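Asker: Now for the letters of each chain:
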Amino acid sequence: MSNIQSRRNFLKSTAAAGGGLVLGFSWLTTEAFQPKVLGNTAADAIDFNAYLSISPSGTVTIFSPNPEIGQGIKTAFPIIVAEELDADWEKVKVEQSPLDTKKFERQLTGGSGAIRHSWERLRKAGATARVMLIEAAAKQWNVAASECSTNKGFVVHTSGKKLSYGELATAAAQIAPPKDVKLKSTKDFSLIGKSIKGVDNKDILSGKRLFGIDYKREGMLHAMIQRPPAFGLKLKSFDATEAKKMPGVVDVVSFANKVAVVGKTTWEVMQARKAVKIEWEKDKDLESSSDHDRIFKEMLSSSTPTIHRKDGDVEAAFKNAYKVIEAEYQCPFLPHSPMEPMNFFAHYKGDSIEMAGPSQTPEAAQKQVAKLLNLAPEKVSIELTRMGGGFGRRLNTDYAVEAAELSSIIKAPVKVTWSREDDMTGGIYRPAVRYRFKASIDKAGNITGYMLHGASINAGNSTRPDNFPSGAVENVLIQSNDHKSPITTGPWRAPITNFLAYAEQAFLDEVAMAGGKDPIQLRLELLDKAEQKPVGKLTYEPNRFREVIKLAAEKAGWNKKKKGVYQGFSVYFSHASYVAQIAEMAVVKGKPVLKKVYAAVDCGIVINESSARNQIFGAVVDGLGHAMYGNITFKEGAPQQDNFNKYRLIRYNEVPEIEAHFVYNGIEPTGLGEPALPPTGGAIANAIFKSTGKRLYNQPFVEQGATVG
Amino acid sequence: MALFNLKINGKTYKADVDGNTPLLWVLRDHLDLVGTKYGCGIAMCGACTVHVNGEATRSCVMPVSSLENATITTVEGLSETASHPVQQAWDETDVPQCGYCQAGQMMTAAALLSKNSNPSDKDIEEAMVGNICRCGTYHRIHDAVKLAASKMKK
Numbered sequence: 030m031s032n033i034q035s036r037r038n039f040l041k042s043t044a045a046a047g048g049g050l051v052l053g054f055s056w057l058t059t060e061a062f063q064p065k066v067l068g069n070t071a072a073d074a075i076d077f078n079a080y081l082s083i084s085p086s087g088t089v090t091i092f093s094p095n096p097e098i099g100q101g102i103k104t105a106f107p108i109i110v111a112e113e114l115d116a117d118w119e120k121v122k123v124e125q126s127p128l129d130t131k132k133f134e135r136q137l138t139g140g141s142g143a144i145r146h147s148w149e150r151l152r153k154a155g156a157t158a159r160v161m162l163i164e165a166a167a168k169q170w171n172v173a174a175s176e177c178s179t180n181k182g183f184v185v186h187t188s189g190k191k192l193s194y195g196e197l198a199t200a201a202a203q204i205a206p207p208k209d210v211k212l213k214s215t216k217d218f219s220l221i222g223k224s225i226k227g228v229d230n231k232d233i234l235s236g237k238r239l240f241g242i243d244y245k246r247e248g249m250l251h252a253m254i255q256r257p258p259a260f261g262l263k264l265k266s267f268d269a270t271e272a273k274k275m276p277g278v279v280d281v282v283s284f285a286n287k288v289a290v291v292g293k294t295t296w297e298v299m300q301a302r303k304a305v306k307i308e309w310e311k312d313k314d315l316e317s318s319s320d321h322d323r324i325f326k327e328m329l330s331s332s333t334p335t336i337h338r339k340d341g342d343v344e345a346a347f348k349n350a351y352k353v354i355e356a357e358y359q360c361p362f363l364p365h366s367p368m369e370p371m372n373f374f375a376h377y378k379g380d381s382i383e384m385a386g387p388s389q390t391p392e393a394a395q396k397q398v399a400k401l402l403n404l405a406p407e408k409v410s411i412e413l414t415r416m417g418g419g420f421g422r423r424l425n426t427d428y429a430v431e432a433a434e435l436s437s438i439i440k441a442p443v444k445v446t447w448s449r450e451d452d453m454t455g456g457i458y459r460p461a462v463r464y465r466f467k468a469s470i471d472k473a474g475n476i477t478g479y480m481l482h483g484a485s486i487n488a489g490n491s492t493r494p495d496n497f498p499s500g501a502v503e504n505v506l507i508q509s510n511d512h513k514s515p516i517t518t519g520p521w522r523a524p525i526t527n528f529l530a531y532a533e534q535a536f537l538d539e540v541a542m543a544g545g546k547d548p549i550q551l552r553l554e555l556l557d558k559a560e561q562k563p564v565g566k567l568t569y570e571p572n573r574f575r576e577v578i579k580l581a582a583e584k585a586g587w588n589k590k591k592k593g594v595y596q597g598f599s600v601y602f603s604h605a606s607y608v609a610q611i612a613e614m615a616v617v618k619g620k621p622v623l624k625k626v627y628a629a630v631d632c633g634i635v636i637n638e639s640s641a642r643n644q645i646f647g648a649v650v651d652g653l654g655h656a657m658y659g660n661i662t663f664k665e666g667a668p669q670q671d672n673f674n675k676y677r678l679i680r681y682n683e684v685p686e687i688e689a690h691f692v693y694n695g696i697e698p699t700g701l702g703e704p705a706l707p708p709t710g711g712a713i714a715n716a717i718f719k720s721t722g723k724r725l726y727n728q729p730f731v732e733q734g735a736t737v738g
Numbered sequence: 012m013a014l015f016n017l018k019i020n021g022k023t024y025k026a027d028v029d030g031n032t033p034l035l036w037v038l039r040d041h042l043d044l045v046g047t048k049y050g051c052g053i054a055m056c057g058a059c060t061v062h063v064n065g066e067a068t069r070s071c072v073m074p075v076s077s078l079e080n081a082t083i084t085t086v087e088g089l090s091e092t093a094s095h096p097v098q099q100a101w102d103e104t105d106v107p108q109c110g111y112c113q114a115g116q117m118m119t120a121a122a123l124l125s126k127n128s129n130p131s132d133k134d135i136e137e138a139m140v141g142n143i144c145r146c147g148t149y150h151r152i153h154d155a156v157k158l159a160a161s162k163m164k165k
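Chains as they are written, first to last, in our numbering: chain A, 30 to 738; chain B, 12 to 165.
Bear in mind the hints are in silico, worked out from the structure with no lab data behind them. Here the structure is a predicted model, which means the values were calculated and not measured. Hints are all accurate, no fakes.
Simulated restraints on C-beta separations:
(1) A:Lys618 with B:Asp27: 56 to 64 Å
(2) A:Lys326 with B:Ala13: 56 to 64 Å
(3) A:Ala473 with B:Asp132: 47 to 55 Å
(4) A:Glu271 with B:Ala13: 20 to 28 Å
(5) A:Asn694 with B:Asn31: 53 to 61 Å
(6) B:Asn129 with A:Glu355: 52 to 60 Å
(7) B:Asp27 with A:Ile438: 25 to 33 Å
Below, computed lysine-lysine pairings styled on BS3-like, alpha-carbon distance capped at 30 Å:
(8) B:Lys165 with A:Lys226
(9) B:Lys22 with A:Lys245
(10) A:Lys226 with A:Lys624
(11) B:Lys133 with A:Lys625
(12) A:Lys208 with A:Lys120
(13) A:Lys584 with B:Lys157
(14) A:Lys618 with A:Lys589
(15) A:Lys618 with A:Lys591
(16) A:Lys558 with A:Lys467
(17) A:Lys352 with A:Lys719
(18) A:Lys231 with B:Lys126
(19) A:Lys440 with A:Lys273
(20) B:Lys164 with A:Lys226
(21) B:Lys22 with A:Lys231
(22) A:Lys274 with B:Lys25
(23) A:Lys120 with A:Lys226
(24) A:Lys396 with A:Lys440
(25) B:Lys133 with A:Lys584
(26) B:Lys25 with A:Lys293
(27) A:Lys245 with B:Lys18
(28) A:Lys120 with B:Lys162
(29) A:Lys231 with B:Lys162
(30) B:Lys25 with A:Lys231
(31) A:Lys675 with B:Lys133
(32) A:Lys618 with B:Lys133
(33) A:Lys122 with B:Lys162
(34) A:Lys620 with B:Lys133
(35) B:Lys157 with A:Lys624
(36) B:Lys133 with A:Lys592
(37) B:Lys25 with A:Lys273
(38) A:Lys287 with A:Lys400
(39) A:Lys723 with A:Lys620
Yeah, the Cβ is synthetic: ideal placement off N, Cα and C, and Gly gets one too.
Generate coordinates for the entire structure from the input sequences, incorporating the hints supplied.
Answerer: As structure tokens, this is what we get:
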């Protein structure tokens, strides 16, 4: 039995408590949402996916289906259910659901989409149970339900008498669930919008077994896998004679161009792996960073780019321009570097496989494992552990699939753990991209033409053709080229926009300067244009854009000529949220020092303010750190940085003061795991330009001689 | 292989391991104390920080053979119920995002506070600079260290 509490165990313990209301509901679509009473035995509930239960002792248990990666979803989802249920938060217990594709939709952590996707159905789940509890109380008191209300886990009658949810749970289970329920008015929210501590805080802070890397089962073996040391190499041969003699080693096997050392403990297999003699041979091109420079240049002079958006005639605009501004911006590959390296547990049993580990996308892992092992997907079970960060890395399934494959070969339960070096050199990086921008302005500084050409390595389309300023400019051309490389890439927190936003916001700063306009004024005028006379497709709301810009400007005192303070502005719309940022630099002993970053955020209704602020601060720190320091380079296909002594992550002493402000507009909530990251690099680079006159075209900034104090 | 007696969190544990095995892996794989985390294996990130004779120590590079007479404290030894002032401060400040690095962060902070009950911002910076938080919770870590210091004075 696993040491991480399983759902089944939890259900047994609920059953032991006896009785209670167990409400299961279809998670499929809001329209199809139809709560169903499953009866009051936990055995009935096992077949359902998402539900809340109320025990006679009054404990409300809420299952959270989405994987928790540090974005706070395991706290946010239950807050929404508990709000509409009018539960006493102190009595709410939260459990992580395992993967269940029949019962859940979108058990996924990515795209900052969980809250947006589930907001309404979570509210209905809570509200439906609340109505049933009221009706049960009304029946018991023989009064009209309309005379009853709820308050913090109690149904209260106008006469003053009250019954707790626990007391009512068994009777409420007999009530037919209502088809339509009235949801609370946002002004009546008592939990949503408050600061509520993470539900796993105490377990995290006392060192409980929570993360994938902590996973343990009786008889479990450990494995470390040697993968090709360079992109483009494949396995030629290996000799494990010495390694097999080493203490704790059980077996050394090879599959899929890898050599796996299996043994009794992590340290022993880590040591034995070094003793395996492996020969690799060339399979594909072995690219070096100098090759990428050449490849970028070739792509940007391509006569056959893929065109993604074309409004008006950009060439004519350039020809008739008062001034044309051109610039190129480039970013490197980046590893995700979650603090918990990749790992996964798998136990192949012939006709099924049990797995557990940290995954942002367990459903994809299930499908791929099923295909690989020729099993039906339902024969692949996946327990979701807490994730020690991911930043997009765990949207890939490679590390889960290889654990499954290894277990199927050795026919034993095994946990594969990656070393930090494996994690950093193992690929699936943020793709490297170079952007060329060209804009034309008229005499008044207005943009008349705007062209973006993205050149990328394994990014597919490196542009976001409908993003601002598209829709606000008469003549627009957005196009890209992509180079297919053996170096593997994938989504990295705020995919594409994590760098595109920087490049675009720095370029708009250049355009504003060239036209003699204030950078904020330039954006506001463009937004007015997009609102009044949009060009082509418009995917953002100019008004919401404007509100965050104004809020940031107000909080930071934009253009208030603060003495010795140099401000840089940036604003970006991504993942349905709007974020404006202003960075403030001072010059100390001739060098720029980043003092403060202001963030103004519109993510609609804020579910949990403490968690939301944590996300914003973290995203600013992440955006700053990677813009300043992050870089993976290659020599003949081999990554040249393999651990934190060669790859620099931002540290405690390198963060500025941060202030986060929300636009409280009561609009349905959107995501916050990513949107505060894209604007950061631009705000800082624009502030560095103000303070030093130096425009930073390439990341990492530190390699262009920039410091931030 | 050899049998080592280790004094951890006030208890004596026996581990039959190679003397070169780092304390980190003895804790995690042999003694079921998994609160101490693996992050880099080269003492660059601080996720594996424990106390050895009261000093914040990177357990990923500390061979078990050197610890036979040492007093070792892990995050589980601060308290099992998160009731140590540092754990309380971390909870009240709602520091964790993913939470993976926080045991190491707290162990570094607890070692600092045991020697310096009233640390300046500079003292805190010097102590905490060796611990990476990839989620970027540094501001809350700062606030939590301050809060823990005030709790410990009471």
